[in-house]
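Given chain A, put chain B in place with the hints provided.
Chains A and B are the protein sequences, given in the same order.
When the letters of the first sequence are read in order and numbered with my numbering, they come out as residues 386 to 715.
When the letters of the second sequence are read in order and numbered with my numbering, they come out as residues 386 to 715.
Honestly, I wouldn't trust all of these hints.
[Stated by the list, open to error] Pairs of lysine to aspartate or glutamate, DMTMM-like flavour, derived with a Cα cap of 25 Å: (1) A:K532 to B:D428; (2) B:K703 to B:E649; (3) B:K532 to A:D428; (4) B:K532 to B:E430; (5) B:K532 to B:D428; (6) A:K703 to A:D685; (7) B:K532 to A:E430; (8) A:K703 to A:E690; (9) B:K703 to B:E690; (10) A:K708 to A:E690; (11) B:K532 to B:E593; (12) B:K708 to B:E690; (13) B:K703 to B:D644; (14) A:K532 to A:D428; (15) A:K532 to A:E593; (16) A:K532 to B:E430; (17) B:K708 to A:E396; (18) A:K708 to B:E396.
Quick caveat, the hints were computed from the structure, so don't treat them as lab data.
Number of protein chains: 2
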Amino acid sequence: MGPESDSLSGEDRLIARFFAPLARAPGALGLADDAALIAPPPDCELVLKADAIVGGVHFFVADDAGDVARKALRVNLSDLAAKGASPLGFLLSLALPATADEHWLAAFAEGLRADCAHYRCPLLGGDTVRTPGPTTVSVAVIGSVPKGRMVRRAGARPGDLVFVTGTIGDAALGLALRRGATWALDEALSAHLRARYTLPQPRLALIEALRAYASAAMDVSDGLIGDLAKLCRVSGVAAVVRAGRVPLSAAAARAVAADPAALEIVLTGGDDYEVLCTVPPGQADGFRAAAAAAGVAVSDIGTIEPGANVRCLDADGKAILFKRAAYSHF
Amino acid sequence: MGPESDSLSGEDRLIARFFAPLARAPGALGLADDAALIAPPPDCELVLKADAIVGGVHFFVADDAGDVARKALRVNLSDLAAKGASPLGFLLSLALPATADEHWLAAFAEGLRADCAHYRCPLLGGDTVRTPGPTTVSVAVIGSVPKGRMVRRAGARPGDLVFVTGTIGDAALGLALRRGATWALDEALSAHLRARYTLPQPRLALIEALRAYASAAMDVSDGLIGDLAKLCRVSGVAAVVRAGRVPLSAAAARAVAADPAALEIVLTGGDDYEVLCTVPPGQADGFRAAAAAAGVAVSDIGTIEPGANVRCLDADGKAILFKRAAYSHF
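Next comes chain A alone, as it looks inside the complex (with noise of 0.2 Å):
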């Protein structure tokens, strides 16, 4: 063997560096071995979820690495929290183009091991790999739950009310903004919206009202109406939303009194990941002082009722009706 044969390949250096600093969990073995090894908790179940993120579709090529990172574990851990199960660690498999340089790779490190710490999400594997198309980042979440306590989406019945948490739209008018649209909204209000597009918040404080009061949930990630007509369609329920009580932010409410037209981004554009859940009626006291315990804003925005299908009302009661119910990249 040559002068080659004890140092590191590159990969292998680029992990060192990079994201070893990351994975501090036991299990994930100082990301030095094939694989990672984790203890499940006593008397739980696992719960499972991978998402990808790619340059050019899910974020802008010109984003800071940081925030890429933040909202590839973001966007997963959005998922964990409309379950109700608490993280325990996620993998990551990151393909880069050769734009990607030393930089790129610290910030989007650095990024990482905020969002790891903040949201004690630890590092625990992947790889890195080359590729000739956009910087992608697929990420695999694992997170657990008592025993048979995740929150399904098929589990909405009639009479239910309908939540979501936080405000609805902001992304999907951040997004609008950053493509040219104006909707002569002041620079704060602007980069509010922006910032909600970039930034998910993964809305986990509230993983345990959930599990105590919501009889079905999901995340927001592909539109709001769109979403609850997938979560009525495995209930085997219909749904009524009364557009006037779906929480808008200062700025959301700006654009939509500016152009009501921007009611139709609010209401079907992508990128919330705020929580939508049904609650029974019984309960819903209850989790409104839960939610507020936890320090997350809850808003009940309608109804479950028999049938199929999903109803957004206006304030006169009359059927708002979309050109298209929920954003599909297909």
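Just chain B now, kept in the frame of chain A:
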């Protein structure tokens, strides 16, 4: 809501048509929830691995879509095998270019279905996204081992024998053939080498033998000598490999006979997806017998020594020097 209100989005239709039929495990929830749910087996630990393959980097864009699917799953199963872990299931993140039409997807899903069944590794969940780049298939696999029994990389001790499964170098030679190399092989031998590149053979049949007898193990994906160097580094030992004992297929032996320079491709090329392990000398006969009972060929190719570094010796006991020890895309 208009006529779209109860229709599935493009991604949902694609998942329902091509992937839901593969997700028959109860925990996959028919791919109709945000996440998968599994109960960890009692008294087990979980072994987790994620690895992605990219068109034009890890496979040829013109490769059969079914083979691409199977390779993506198998490279991950190969890691589980080396750790002594049984597959529980996997998550798939599939980034597709616009050229991936229904025929491509149908073939991809059929290849994946066959391997899910063969390796008893169900699809649990995942996502499908568009990419302006090449097809990128990210798999995250989850397996289980009896508590405390995962076979680590960091367990080799001086005196241990070094074993490999199967034959070494076929895939790297097959890749070289596809790139235009020629060693005057007949079509059957060439086809064997090409197939070894296209479709790895994860050695899951060996997991019980590895757990019972191996002091350390990893899968050979980046080249035998380089991967052995990694195992030695984390174990704090050195190794001596006898090149003449490294098991070669008839095709690889013919290539090396025609061109001695091909030996470097064999010993340092990637994509073998065989298991490399170390076994204490007193356990070697037991390991050989257990491997034979499992139907997996194993060969001892060298020994672990005190020190650092890997030396590879020819038939005369002289050190063979390589231009590079391991393959890296970086």
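Hint check results:
1. A:K532 to B:D428: holds, 16 Å
2. B:K703 to B:E649: holds, 15 Å
3. B:K532 to A:D428: Since the Cα atoms of K532 of chain B and D428 of chain A sit roughly 16 Å apart, the hinted pair holds (cutoff 25 Å).
4. B:K532 to B:E430: Holds. K532 of chain B to E430 of chain B sits at ~5 Å (cutoff 25 Å).
5. B:K532 to B:D428: holds, 6 Å
6. A:K703 to A:D685: It holds: about 19 Å lies between the C-alpha atoms, which stays within 25 Å.
7. B:K532 to A:E430: Within the cut-off at roughly 17 Å; holds.
8. A:K703 to A:E690: holds, 17 Å
9. B:K703 to B:E690: holds, 17 Å
10. A:K708 to A:E690: Answer holds: K708 of chain A to E690 of chain A is near 23 Å, not above 25 Å.
11. B:K532 to B:E593: The given pair, whose Cα atoms are some 14 Å apart, holds under the 25 Å limit.
12. B:K708 to B:E690: Within the cut-off at roughly 23 Å; holds.
13. B:K703 to B:D644: holds, 19 Å
14. A:K532 to A:D428: Holds - the C-alpha atoms of D428 of chain A and K532 of chain A are around 6 Å apart, at most 25 Å.
15. A:K532 to A:E593: Holds - the C-alpha atoms of E593 of chain A and K532 of chain A are around 14 Å apart, at most 25 Å.
16. A:K532 to B:E430: holds, 17 Å
17. B:K708 to A:E396: holds, 18 Å
18. A:K708 to B:E396: holds, 18 Å
Checked against the numbered hints above, the structure breaks none of them.
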